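Chains as they are written, first to last, in this note's numbering: chain A, 1 to 275; chain B, 1 to 518.
Do not rely on the hints blindly, as some may be mistaken.
Claimed, not checked - Label pairs and their calculated CB-CB ranges:
no., chain 1, residue 1, chain 2, residue 2, range
1, A, R68, B, V393, 32 to 40 Å
2, B, E398, A, I26, 23 to 31 Å
3, A, R10, B, R95, 25 to 33 Å
4, B, F411, A, D252, 56 to 64 Å
5, B, V503, A, F72, 41 to 49 Å
6, A, V136, B, I480, 31 to 39 Å
7, A, A261, B, W277, 57 to 65 Å
8, B, K51, A, V136, 36 to 44 Å
9, A, A18, B, W8, 26 to 34 Å
10, A, I26, B, I35, 49 to 57 Å
11, A, A18, B, S472, 39 to 47 Å
12, A, G41, B, A454, 57 to 65 Å
13, A, P118, B, I45, 43 to 51 Å
Treat the hints as calculated values from the structure; they're not laboratory data.
Note that the structure is a prediction, hence the values are computed from the model and not measured.
Heads up, the beta-carbon is just placed ideally off N, CA and C, and yes, glycines get one too.
Residues per chain, in single letters:
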Amino acid sequence: MQPLSPHIRRLYLLLFIAMFLAVLPIIILYADGWRYREGFGFVRTGGIFVSVPYPDADVQINGNTVGRSGFFDRSFYVGNLAPAAYSINVMREDYLPWSRVVVVEPQLVTDVDAFLFPKRIEPVRLAVSGTATTGVAVISRALYDEYVAEFGTTTASTTVPQDESDGMGVFVRDGDVFVRWMSEDAFPPSRFCGRPSFCVREFAIERGSDEVRTARFFRTGVAYATGDGAVYFAEADVRPTPLNVQLFEAPDADIRVVDDALIIKSGTILYEITL
Amino acid sequence: MNLPEQYWYLHTARAGDLTGRDYYLYRFFEMLPAILSVGTLGLFIVLSFYKPVWAAYLTIVFAAYWFFKTAYLSIHLRHDFKRVRHNLQVNWRERVLDVPHLPARAGSHLLHLVLVPFYDEQYELLKETVDAIAASEWDTKRIAIVFAAEARVPQGKGIGERLAAEYADRFFAAIVTEHPDGLEGEIPGKGSNLSYAAEEARTRILDAHQVPYEHVVVSAFDSDTVVYPQYFACLTWYVLTAERPERTSFQPVPLYNNNIWDAPMLSRVMAYSASFWQMIQQERPEKLATFSSHAVLFKPLYEAGYWQKNMVSEDSRIFWNLFVYFDGDYRVTPMAYPVSMDANVATTFWGTIKNIYKQQRRWTYGTAENAAYILFTFLKNPRIPSGKKIHAVFFQLEGAWSLATHPLVLFAIGWLPLFVGGAAFHTTVLSYSLPFIARAFLTAAMFGLIVSAAICMYLIPDRPAHASRHRSIFMVLQWILVPFTMVVFSSIPGLESQLRLAVGRYLGFWVTPKNRTQ
């Protein structure tokens with residue numbers, strides 16, 4: 001039995017080189033988002049990337065189901081989208097429906113982190129003695145004192161943020177709340193971008209009649225307390241329509257975030273809210 | 001034998017053997033494989049930070065290239081497998097008798113001179129090697145055997161003498177040589193031992209029995225090389241039917257079957273990967289160099305001064321020595337007939353890992369070492385046709401470069417843009433497409449492993465009684481380790497070898513320990 005003849009091998013080689021050269025530009029254009037559309041020819045598409053924090057959440061884009069999040073798989077990439085505005089909805093039992101309108105641009109991917117807010121929020125009063133009951137949690141004196149001490153510190157001004165997280169700063173100016181991207185060099189995350197190619201460095205979280213006194217980053221948004229004792233949570237996202245819900249109301253209520261827990265102080269009483 | 005003056009450079013091992021301009025030239029050639037490999041990897045890293053889009057394009061190009069190259073090479077592997085399977089069925093002894101032409105070169109005139117160099121291997125291991133030769137379906141009275149011991153190992157000569165005494169009446173001759181330690185111009189290793197043994201055999205066997213050198217076929221074996229029954233008949237047929245046997249070496253397919261059922265998974269994968277690469281090369285003879293156990297006529301071997309005594313990879317270097325000595329008029333004839341050797345097995349798992357790494361480092365060092373040698377000697381020998389020079393240089397450099405870089409690019413560095421490409425890159429469709437497309441190509445390329453697994457299952461010997469049934473299953477499943485072995489046992493030792501050569505920290509010869517389950 002003879003080895004492969006040089007002639008046959010040359011044919012194979014040329015065939016594979018030809019296939020490689022033919023496939024490569026197609027693959028590269030495909031990777032860059034180019035697609036063929038009947039009647040439109042070659043068009044540049046974009047995509048949407050949705051992250052969901054919990055399993056069993058249904059994700060829809062423009063009313064079409066994209067999928068349901070699982071225990072491990074909680075993100076969805078939808079490509080081949082023509083440039084346009086798209087409405088994203090995420091729904092999960094016992095949580096408020098979440099929606100966002102995002103703009104898809106050619107060859108760019110718009111990413112969003114869905115924030116699922118529970119339908120019922122129960123602030124828990126913190127105590128150092130007695131027994132824990134519904135609505136009351138007993139914590140150590142040291143921890144309690146640590147929480148109280150947090151309320152004694154105020155270093156913010158219009159140039160110094162009240163809180164910083166992941167390169168962002170939250171400011172309170174004239175009773176309104178703003179989130180600013182602090183880095184001069186780094187590209188801001190998509191929550192600062194009305195569309196992928198157009199981003200702002202600062203946007204307002206709250207700009208209403210309420211006089212905000214304190215604002216802190218909490219989860220993926222901002223918790224803020226107004227002068228009349230109301231506590232709110234708002235998503236930090238420039239795109240419509242960010243969630244903004246009232247969490248609590250009590251005379252003279254103020255807030256701090258300690259170890260991912262939202263601590264509310266009203267008079268001498270402390271409350272904790274966890275999401 | 002003294003080399004003709006015009007081939008003064010033939011046995012150059014490293015830049016230090018030269019002076020003046022030649023030294024710097026050779027030094028540059030020693031650095032070239034590392035420059036290409038490190039340059040490629042460095043370019044990827046820099047692009048990943050500063051031009052991640054370009055880096056992503058390059059990764060896709062590499063992945064596509066890898067897929068098509070794998071598919072192309074798989075065709076060669078599959079064809080060679082068919083040839084090996086066919087050749088194992090052929091009665092070569094009858095075929096030799098049927099050779100109708102060239103009666104002057106009839107088989108009975110040929111003498112097979114088998115060199116068995118060894119270091120500290122045990123008597124039992126060597127006995128298995130000799131038993132297989134003695135059991136060959138060939139006239140063993142036309143086989144002479146040389147047990148090439150090393151003076152560095154005191155018991156070596158005794159083992160050789162015991163074997164020679166036991167088998168003296170079975171062969172044309174059986175002699176023992178003892179390679180002295182510390183000879184000038186040598187490094188300790190297989191090359192210097194083989195050369196010493198060949199010269200001893202020349203005077204003590206060939207000249208003593210007045211055997212013409214052109215009638216002697218030298219098989220340079222490893223201590224663990226176990227021949228299949230028709231190896232000598234098959235080799236004889238190739239010698240008799242070769243257009244010009246004195247201008248070719250003969251290369252069997254090295255399988256590592258001796259202890260394959262006792263070898264751990266990683267060792268088996270590496271062993272068969274090496275065999276498969278050699279099988280692919282057997283279908284591309286113009287790219288084939290000698291490797292491990294090989295055969296060559298004594299006359300050209302003698303004229304070219306035997307194996308180099310001063311470097312590590314004597315098995316492939318002897319081909320380039322002969323290629324340069326005969327001004328490019330030299331080739332390798334692929335036999336598509338196997339010989340069996342030991343897979344790498346140490347007494348502990350980590351010992352095996354270490355040995356595999358060292359063995360791979362030695363092999364990859366040879367690739368880089370030969371690249372420098374080829375570049376230098378091709379410059380010095382104007383009689384080699386330019387086309388052959390360009391082809392050989394390209395293939396050798398491409399081989400060293402792809403070995404060290406491709407697995408790292410495909411399975412590690414190529415994905416770097418996703419981690420360091422920055423926020424702007426992360427908003428591109430390309431950043432989301434890159435993993436999907438690269439993974440698709442790599443997965444498709446992995447389908448070639450199914451072919452590998454099937455071929456492996458055919459080539460391995462029957463499961464011995466002491467090996468449990470589930471080992472057969474792992475013989476198939478083991479191939480999923482290939483991405484890991486490619487990076488850890490190809491790319492990384494390849495890079496280390498090239499860097500060592502580049503900075504002048506030359507490797508010495510490392511003898512692969514031979515351990516078999518009794």
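Okay, the hints, checked on the actual structure:
Roughly 58 Å separates the CB atoms of R68/A and V393/B, a value that falls outside the hinted 32 to 40 Å. Take E398/B and I26/A: their Cβ atoms lie about 26 Å apart, and the range 23 to 31 Å holds. Distance hint check for R10/A and R95/B: the Cβ-Cβ separation is about 29 Å, which falls inside the suggested range of 25 to 33 Å. Between F411/B and D252/A the beta carbons are some 60 Å apart, a value that agrees with the proposed interval 56 to 64 Å.
A beta carbon spacing of about 46 Å between V503/B and F72/A agrees with the range 41 to 49 Å that was offered as a hint. Checked against the given bound of 31 to 39 Å, the beta carbons of V136/A and I480/B, roughly 56 Å apart, lie outside it. Checked against the hint of 57 to 65 Å, the C-beta distance between A261/A and W277/B comes to roughly 60 Å, which is consistent with it. Here the CB-CB span from K51/B to V136/A is close to 59 Å, at odds with the stated 36 to 44 Å.
In this structure the supplied range 26 to 34 Å is violated for A18/A paired with W8/B, their Cβ-Cβ distance being about 46 Å. Taking the beta carbon of each, I26/A and I35/B are about 33 Å apart, not inside 49 to 57 Å as hinted. For A18/A and S472/B, the Cβ-Cβ distance of about 41 Å falls inside the hinted range of 39 to 47 Å, so the restraint holds. For the pair G41/A and A454/B, the beta carbons lie near 45 Å from each other, so the given range of 57 to 65 Å is not met.
Separation of P118/A from I45/B is about 45 Å and conforms to the stated range, judged on CB atoms against 43 to 51 Å.
Hints 1, 6, 8, 9, 10, 12 from the list above are not met by this structure, while the remaining hints are.
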